[in-house]
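Student: One-letter residues, chain by chain:
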Amino acid sequence: MNADFFSTISRRSALKGVSSGFGYLAFAALADEQARAAAAGPLAPKAPHFPASAKRVIFLSMRGAASHVDTFDYKPQLAKDDGKAGKYGSTRGAMLMKSPWEFRQHGQGGLWISDLFPELAKHADDLCLLRSMHTDQPNHPQATLQMHTGSFQFVRPSLGAWSLYGLGTDNASLPGFLTINPFGSAQNYGSSFLPAIYQGSKIASRSALGRFGRGGGSDQGMKVPNIQSSHLSRDQQRAYLDYVQSLNRHSLEQKVHQPGIEGVIESYELAFRMQDELPKQIDIEGESEATQALYGIGDGPSDNFGKQCLLARRLAEAGVRFIEITHSSSWDHHRNLRNDMERNASEVDKPIAGLLADLKQRDMLKDTLVIWAGEFGRTPHGQGGDGRDHNNKGYTTWMAGGGVKGGFSYGATDEHGYEAVENKMHIHDWHATILHLMGLDHEKLTYNYAGRDFRLTDVHGSVAREIIA
Amino acid sequence: MAETFGAVSCYIVGMHRVPTFITIALVLALQLSALARDITSEQLAFFESKIRPILADACYECHSNEGGRVKGGLALDSRDAMLLGGDSGEVIVPGDAEDSLLWVAINYEDADYEMPPKQKLPDHVIADFKKWIEMGAPDPRESEKIHIKTEIDIEEGKKFWSFQKPKKVAPGAVSQASWPKGEIDRYILSSLDREAMAPNADAGPDIMVRRLFFDLIGLPPTPDQARQFHQQWAESPDAAMAYWVDQLLASEQYGERWGRYWLDVARYAESTGKETNVTYPHAWRYRDYVIDSFNEDKPYDRFLSEQIAGDLLPIKSDEDWQENLIATGFLAIGSKGLNQDNGRQFQMDVIDDQIDTVSQSVLGLTVSCARCHDHKFDPIPTTDYYALAGIFLSTETFFGTVTAAQNKRPSDLLELPLNDPFGDGISVSELTAKKDKLAETVQEIRELRLDRDSFQGNEGARLAQRVLRLRSQVKLIEADINSYNDDGSRRSFAMGVQELDSPVDAAVLFRGEVDKPAQTVPRGFVQVLHHEETPEIASSANGRRELAQWLTSEENPLTARVMANRIWLHLFGEGLVRTPDNFGTTGELPSHPELLDHLALRLIEHDWSIKSMIREVMLSRTYRMSSDYDADYFEKDPENRYLWRANQRRLDAESIRDTMLAASGQLDLERPRGSKVAEFGNARVGIRVNESSIDLPFEYRSVYLPIVRDNLPESLALFDFAEPDVVRGTRESTNVPAQALYLMNSKFLADQSKAMAWRVINGGKTNEQRTRLAFQLTYGRKPTQAELQSTITFFKTFHPLAMAEGQSHREAMFTTVSAFCQGLFSAAEFRFLY
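Here the protein sequences line up with chains V and G, keeping their order.
What the first sequence shows, in the working numbering, is residues 96 to 564, in sequence order.
What the second sequence shows, in the working numbering, is residues 85 to 918, in sequence order.
These are computed hints drawn from the structure, not numbers from a lab.
Hints are supplied without guarantee of correctness; some may be wrong.
Here are the simulated DSS-like cross-link-like pairs (lysine-lysine), alpha carbons at most 27 Å apart as the crow flies [to be verified]:
1. G/Lys251 / G/Lys695
2. V/Lys175 / G/Lys831
3. V/Lys179 / G/Lys600
4. V/Lys519 / G/Lys460
5. G/Lys831 / V/Lys375
6. V/Lys193 / G/Lys695
7. V/Lys539 / G/Lys233
8. G/Lys252 / V/Lys179
9. G/Lys233 / V/Lys179
Just so you have them, the derived chain G footprint on chain V, three or more residues with Cβ under 8 Å [said to hold, decoys possible]:
10. 173-180
11. 356-362
12. 366-380
Just so it is clear, CB atoms sit at the ideal spot from N, CA and C, and this is done for glycine as well.
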């Protein structure tokens with residue numbers, strides 16, 4: 096170095112302690128919730144509003160919307176009326192189509208589950224079927240958005256982001272909200288007006304899984320790109336990062352209200368910590384053969400989703416608050432329902448059963464809420480003889496663990512499965528219930544933005560208390 | 085945020101829902117056709133005893149709608165479906181067995197059609213079929229005749245704001261007469277006045293020079309340009325702005341920036357995407373066409389006409405013809421499901437992509453939502469969709485892929501009139517060798533086929549497999565040979581469309597299902613947008629030229645508005661309508677409707693000149709506002725709908741990458757010839773074309789990187805590049821640790837940081853000078869005192885760490901400066917525009 100450089104300007108030490116939530120207090124009157132988040136640091140674990148039965152969530156997203164009348168909503172009347180004219184709305188003229196699969200009762204609770212899920216059916220007594228779901232839109236992008244954020248019209252924070260905001264995370268070296276192989280808009284795991292640190296981080300969708308193709312099949316194991324520096328030692332990297340953060344702080348000092356810069360600062364700190372932690376967590380090779388087999392890994396169609404489920408368990412164990420995994424095959428069976436649904440089910444049946452079994456044997460199921468859902472359901476009438484159309488008026492999702500009743504079925508659709516009629520559960524109610532299980536009151540979990548307190552459920556939502564064990 | 089879920093899915097960008105006034109009704113009418121009534125009892129008995137059982141046993145497994153498989157697009161389980169035929173056309177000519185493909189197939193007369201494939205039918209059965217066809221193929225299997233009716237009230241629908249012509253409404257009175265520089269500012273200021281807000285003060289030259297350069301060319305000013313700008317600004321900010329807007333609009337880099345916006349809208353990509361992802365080695369010609377069109381400021385109406393109907397426009401020269409053909413690539417570059425068994429389904433999916441792209445890009449309307457039923461929100465009956473579908477049904481799309489295991493939908497290419505090949509030619513002897521290889525392979529297939537009957541069981545199956553493999557090899561060799569002239573020179577191809585000899589109207593498809601045709605509708609346009617100049621489509625015309633005429637008419641209420649809004653969006657970060665691809669009832673309402681109309685009318689007045697529109701907007705006072713925060717205003721209008729300040733924006737992926745290359749001195753501004761993808765010819769993505777073969781450290785501008793569906797370059801995908809599946813008028817702006825990891829750890833950052841370190845070390849005598857240069861290159865400004873101090877701290881901390889690893893003093897200095905440069909790339913300011 097040239098001496099003049101060091102001599103002309105005196106040395107000043109770099110600022111330390113970067114991610115302490117500065118800036119959040121810079122404007123507006125804060126809601127209690129916000130003050131809590133700001134005081135503790137944005138990711139620090141926070142106490143729930145009341146004791147929680149679920150400490151974390153694993154959300155299994157069945158994109159494309161799986162048919163409920165072929166899976167978890169048993170409709171004997173539909174079988175009887177097979178081939179008869181339907182009577183529904185804009186699809187007049189279509190005929191009712193019975194499920195190609197038999198339904199049987201399983202477990203002590205006697206839940207009706209179709210033969211598509213032989214392995215999962217063995218865990219019937221852990222399942223809480225929500226058979227009266229309904230949502231506002233019959234189109235995939237909007238319904239998917241509403242399932243994740245409560246709104247199909249506006250850009251709003253996602254369920255995972257709200258959870259993280261409300262509870263923080265138990266492992267500051269991993270993102271508190273991870274989404275594996277997500278599909279569709281980034282808004283589905285976005286943080287909207289919540290600080291960017293609550294945004295979901297996606298992994299693997301571009302690396303090992305599906306970068307060169309979709310659907311089932313085996314992958315080479317997960318990789319996170321750029322997880323190690325190509326050119327700096329760890330000490331050097333830290334010095335470089337301290338410099339970056341000092342520049343970021345100078346920017347913050349010059350301009351008020353810079354959520355973008357705050358987000359950048361936090362993402363660097365998190366990325367720095369992730370370098371050690373994430374490779375450890377995603378390396379599923381260390382898991383025993385028995386465990387891998389439990390998830391259907393190395394077993395043809397179930398290999399891919401099996402790895403994702405096992406990864407979800409590892410991340411849950413490591414303290415991640417909200418984990419979403421998205422099945423890579425679409426359940427949008429307008430056509431080829433018989434073949435394709437069978438194939439889809441074979442891809443997820445064993446992995447999900449394995450996940451439930453594994454969580455149980457680790458005593459984690461009691462405080463891990465597993466959710467299975469698509470964005471809506473499908474029509475009881477057929478489409479083109481071997482398919483079903485979109486149906487947002489009635490469908491089924493299920494939950495397991497995390498304090499819900501097992502072997503339990505909640506709500507009902509009409510005789511054919513078209514419309515929810517009993518204990519109807521709107522997506523807002525579903526969100527309210529999920530937050531409740533996590534110890535959060537959906538009416539109190541608010542964020543003040545532009546003078547208004549926002550919440551996940553807007554002005555709606557009621558908790559389905561009957562499903563709580 | 086679009087997602088495609090199978091062929092019959094529907095996509096709407098829903099940001100703002102208004103109550104719908106549309107009711108939907110479908111009327112199904114059962115009609116017995118004359119033909120069916122005419123069947124005699126003998127004919128009926130013959131069909132029921134001799135024909136139906138054979139069809140059911142030997143054919144339905146692969147050819148029935150009910151059974152769910154319609155191989156070759158052919159269903160045999162209803163009379164209508166049977167008469168409709170399959171991908172290869174009609175299969176029965178009633179009364180003429182010899183001319184019926186069905187007869188040919190069951191006789192095993194043509195090697196490509198041997199049905200049923202497992203075993204030939206007994207002779208007496210074949211004789212029965214002959215007799216049946218000769219008696220006129222009497223068939224009692226009636227299917228429902230469907231007639232689809234709509235109850236959408238088009239006249240009522242026309243009342244919606246965006247379906248009415250733009251009107252000139254003068255801006256209201258304004259409070260500060262000195263603030264506005266022109267009409268745009270008066271509209272903005274009068275609306276701020278109404279809300280009791282005032283516009284932010286002007287931004288300073290540091291901010292404006294960056295805003296100006298990035299907005300126009302997607303690159304930062306060089307230190308010299310910035311210096312010049314500052315000097316001019318000191319004399320007259322207006323003059324400085326006007327000078328540089330003109331300079332940059334005239335530069336080649338302008339088209340690379342603004343052309344790329346259109347490529348987002350045009351879902352441009354160099355492969356088919358979907359399950360069988362095959363490259364489009366000629367797509368780059370369309371990319372270059374778009375960039376060149378922006379650079380020459382081709383009038384927007386002309387630009388659209390070329391893309392929709394270039395092949396039908398009058399031409400004066402081969403050059404025109406060449407350009408127009410390439411322009412129609414717009415209709416051909418969409419994603420395609422090549423493994424589709426059913427040819428009709430495939431065709432309707434391609435048409436859907438074309439309707440979706442044209443309607444959303446030009447009109448901001450989601451016409452594709454009317455594929456299966458009347459549009460649920462907008463006054464677009466499903467019959468309008470099929471009126472448009474007829475236009476595209478009368479059009480052949482050339483996208484150029486070859487039959488292979490997972491590709492059942494091959495397509496030719498358009499040969500260009502001018503010789504402008506990509507890649508080198510070969511010698512005549514090399515070409516002859518290829519032809520010999522082709523002949524050998526064909527011969528081998530012939531021999532194997534002769535032997536086939538003598539093989540049974542596993543051995544037979546193995547041989548059949550071999551024949552299949554050889555057949556796809558033949559297709560590949562043929563395609564390869566066809567890419568050369570007889571003298572071994574390369575031929576020049578493009579993707580695009582041509583009209584069919586005899587245009588046809590489309591049948592409305594009940595629920596969008598290809599096997600449920602209802603009534604046929606004449607080719608036409610979206611009725612709610614009919615205007616005084618809506619052209620007639622002659623029976624001999626396929627209608628694309630008329631479509632282009634209708635779209636680009638000054639009477640069309642949407643075309644100019646949608647484009648003016650796109651231009652505004654790129655200069656302000658948000659459109660006046662924030663759903664730029666949806667001006668329907670589920671889109672957002674405009675924040676400044678009068679301003680939007682003013683801009684739309686100006687665009688038309690200026691002969692659809694995009695450069696004039698950009699210039700007018702950029703020279704406004706509104707464009708010059710600072711983005712400074714104001715607590716009261718933020719509380720009142722957090723989303724800045726009234727434009728009381730400039731929106732802070734994150735640079736898009738291309739600008740981030742290009743700016744690193746520019747700062748490091750590595751950027752190559754020369755346009756590369758073609759595309760990396762073109763080198764691979766027709767290839768499956770994931771096999772020969774993969775991350776390691778195409779995501780390479782190129783140094784040219786990002787717009788020229790290979791854009792392969794599901795395999796985007798990392799540098800673009802990480803920073804929210806537009807997925808090229810559907811029309812994308814906006815991009816997302818995420819901020820996730822994966823981006824941080826890329827900036828911290830990737831090879832690209834390491835390389836650019838090192839290159840910039842050389843530049844900086846050589847560019848200054850003292851470290852302070854070097855620091856100043858580095859800040860200039862990355863942020864376009866001088867470092868503050870605090871930043872200089874932080875930089876010194878960094879140097880002092882980092883240098884010993886590098887020495888500690890055994891580096892010499894000089895090496896360590898280089899490493900230190902590299903890390904310093906990387907730090908500048910990584911800090912937030914680098915990727916934000918204030």
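Student: Each hint should be assessed against the structure and marked as holding or not.
Tutor: Comparing the hints with the structure gives:
Between G/Lys251 and G/Lys695, the direct Cα distance comes to roughly 23 Å. Compliance with the 27 Å bound is thereby established for this hinted pair. This hinted pair does not check out: V/Lys175 and G/Lys831 have alpha carbons roughly 64 Å apart, beyond 27 Å. At roughly 19 Å between alpha-carbon atoms, V/Lys179 and G/Lys600 fall within 27 Å of each other, so this suggested pair holds. The hinted pair formed by V/Lys519 and G/Lys460 meets the criterion: a straight-line CA distance of about 24 Å does not exceed 27 Å.
A C-alpha spacing of about 22 Å is found between G/Lys831 and V/Lys375, which places the hinted pair at or below 27 Å, so the restraint holds. Distance hint between V/Lys193 and G/Lys695 is unfulfilled; the C-alpha atoms sit about 60 Å from each other, more than 27 Å. For a cut-off of 27 Å, the pair hint linking V/Lys539 to G/Lys233 is broken: about 50 Å separates their Cα positions. Of the pairs offered as hints, the one joining G/Lys252 and V/Lys179 is violated, with about 57 Å between alpha carbons and a cut-off of 27 Å exceeded.
Of the pairs offered as hints, the one joining G/Lys233 and V/Lys179 holds, with about 23 Å between alpha carbons and a cut-off of 27 Å not exceeded. Given a C-beta distance limit of less than 8 Å, the hint that chain G covers the segment 173-180 of chain V is violated, as 0 residues qualify and 3 are needed. Residues of the segment 356-362 of chain V with a Cβ under 8 Å from some Cβ of chain G number 5, which satisfies the need for three, so the listed coverage holds. Coverage of the segment 366-380 of chain V by chain G holds [criterion: at least 3 residues with CB-CB distance below 8 Å; count 4].
Hint violations for this structure: numbers 2, 6, 7, 8 and 10, all remaining hints satisfied.
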